[in-house]
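Asker: One letter stands for each residue in the lines below.
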Amino acid sequence: MMIFGDPTISLPIIFAVLLGFSILVYVVLDGFDLGVGLLSPLTQEVHRDKMIASIGPFWDANETWLVLAVGLLLVAFPAAHGTILTALYAPVFILLLGLTLRGVAFEFRAKAPAHKKKAWDAAFFAGSLMASLSQGFMLGLYIMGLQFTQVSLAFACLTAVFLTVGYSFIGATWLIMKTAGELQLKAIRWARQGLWGVGLGLIAISFATPFASERIFSKWLEFPEAILLAPLPLMSLALLAMLWLALQRLPTSNDSWAWAPFAFATTLFFLAFCGLAYSFYPYVVPEKLTIYEAAAAPESLFIILVGACVVMPIIFAYSALSFFIFRGKATELRYD
Amino acid sequence: MDTLILSRIQFGANISFHILFPTITIALGWLLLFFKLRFNSTQDGKWMEAYQFWVKIFALTFALGVVSGITMSFQFGTNWPGFMEKVGNIAGPLLAYEILTAFFLEAVFLGIMLFGFSKVPNWLHTGATVLVAFGTTMSAFWILVLNSWMHTPAGFELRDGVVHATDWMAIIFNPSMPYRLGHKLLASGLTVAFLVAGISAFRMLIGDRGASVRATFKTAVVLAAVLMPLQILMGDKHGLNTLEYQPQKVAAMEGNWETQGNVPLVLFAIPDEETRENHFEVAIPNVASLILTHSFDGVVPGLNDFVAEDGTKMHPPVAPVFYSFRIMVGIGFLMLAVSWAAVFFMLRKRRGVEGVPKLMLWGFLGMTFSGWVATLAGWYTTEIGRQPWLVEGVLTTAAAVGNVPPSMVLSSLIGYLVIYAVLLVAYISVIFYLARKASNKTGETLWAQLKPTAPINQPAE
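Protein sequences, first through last, are from chains A and B.
For the first sequence, the working numbering gives the first residue as 1, with consecutive numbering after it.
For the second sequence, the working numbering gives the first residue as 1, with consecutive numbering after it.
The hints are simulated quantities; they were obtained by calculation from the structure and are not laboratory data.
Fair warning: there could be bad hints in the mix.
When the alpha-carbon atoms are kept at most 30 angstroms apart in a straight line, the in silico BS3-like pairs for lysine-lysine are as follows [unchecked claim]:
| no. | chain 1 | residue 1 | chain 2 | residue 2 |
| --- | --- | --- | --- | --- |
| 1 | B | K119 | A | K186 |
| 2 | B | K358 | B | K46 |
| 3 | B | K56 | A | K111 |
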């Protein structure tokens, strides 16, 4: 255990990084799943089938990252887990209803009698919408330190809308990569429209977060931090510009660069996430509980870490295998 | 109603709904592997047909299991924060290992198993099926390790009121784990056997006498006939283990109030906790002592030993444990009778599936979901039987509940109940729809004959 230095300091940091990583992977991977769900009513059924086929083999594994994130919060920071989830009782309930509807609609829309397909499509959209909005709402409340004031609720509504727009955007970039023809053209149009919302949302949250707490304000806007951190917002702006350019140029005749919007969008999500993580460190419950105070006993964290070090590379390997097998443009989902 | 009872009902509703689906996927994964391997070795299309029909139901069941499972992982935090604060050092790593070694494995390879048949070599598709089945079983292993530890905690010490792990082998292989795991895996096998037999019987009843349906029916009936005696043996061992570690639970299961010898086996009664006696008791003398101690005059602990001097009951509520235990055992013996009778008819004159009378097919159809009922009844026996403890001797349920307003819990509870009811109806009706569709060529018209008054609500596609 000593190779990590003082385990009461190093283990909470390692687990905070693991937790952050799981949330980020979830937000990107299930982000595009939910985004596809949000976009699904905008087009006709043939396209909808194709859109859902593009996420069919992946959604289950993608959602597992949320289970891992909640699991890590639960196992590594048990005190924070209870505080955060009891405070967010109502939005968590909406999230779970949404994920339930979305998940089962995948199966039911394909297996139920034809005349019920429309209803399950509606459930698929409604579930995706509920999950996206509630995640954004929880993010907003979390940024505001889990305070239930009018200002913080209004802010949470704002983040709910912007995260939903963000998910639709990354969903559209996924479709650009995974589809062709008319549907790809539509996805490019959706992405162009969504980009404005994403830019606006990033700027609004970036300006609002420092005013949520003095501590975050001083972490970002005092000298020399302001200079050292400048690359983060500058890179984000550059990515927005690259996204705009790429979406103007697409579609290309040989479908080159179809991957670019998704890759740029993922990088943008990553940068935004780093910004948030920097703002909150070392707190796991904003302004109340640090990761060191909330951490479970070192011997318990250590035994999880051993398992994680062995198993995580294997998970990466077979996840990569799955993405490799179902690479290229989405095809109809068939059991035979 | 207060937050405690509402939260308990909510968690009970969630876990009851959730357990239905893993109970199917755990064993159905291995059954699918059996179909696949039979196809690989015989190249007989009927096995692939069986695989392709049941893999659809597997996918549907799996999705319901995943979404209802996610709900539970959140509810530890939203409703039971005291659980993780007290025993998080033990529950945490066990849950983490479940996620890392089981959830990702099954989720990723499920995609390949469902949609990869035409995209990957046959060995990789078979391998994906193996890994999905293995993943579901690993998941059952880890969660039952944790559940068993809550019944028979071991390998820990209390420091400042918080549980700390001292011996992980003792935690994982805690006293009730092997029995509980074996009991659950066999329950899963039996649930699937009766599900497959019931749906196959349904397809035969609507006129599908195809080779594939007959093969699945035969496989399922033989599976049930083999597993049921094993389950009775395992149930007996599990009961003896419970007698050793949680005697108050066995006392409630038996409806036995006084610690005494020559305890009768109570077949039916109405237990009354106020007067502390059984009304309308129908019992066989000495048999409970015989089952539990293997001797007629063996002394069996009674419920009255578990009442504190101030009158606080430290035993579970008697009636629900008493009744649900009887429902479970009753269904078990019914399963034994039905599956052995069917095997008898199949062996008689070597007529195989054709030898099974039509009335028996109706019987199997009626028992399609009997495994669910038995599983839930067994689950209630053991979980309500652990009350008032959440972790036996360490943490009471009342001490773990979160401080959420009752109105909030009531709203979410109603929401869950509504959606669970809708999903359950949709699930069962889609299974029968898929069965009718798979038997379409001969099935549609005969279905109409079977139910002459009901309009066919499915136009053939």
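Asker: Are K358/B and K46/B close enough, with their CA atoms no more than 30 angstroms apart?
Answerer: holds (23 angstroms)
Asker: Is the hinted pair K119/B and K186/A satisfied, with a Cα-Cα distance of at most 30 angstroms?
Answerer: holds (28 angstroms)
Asker: Need the status of pair K56/B, K111/A: alpha-carbon distance at most 30 angstroms?
Answerer: Distance of about 8 angstroms is within 30 angstroms: holds.
The earlier numbered hints are all upheld by this structure, with none contradicted.
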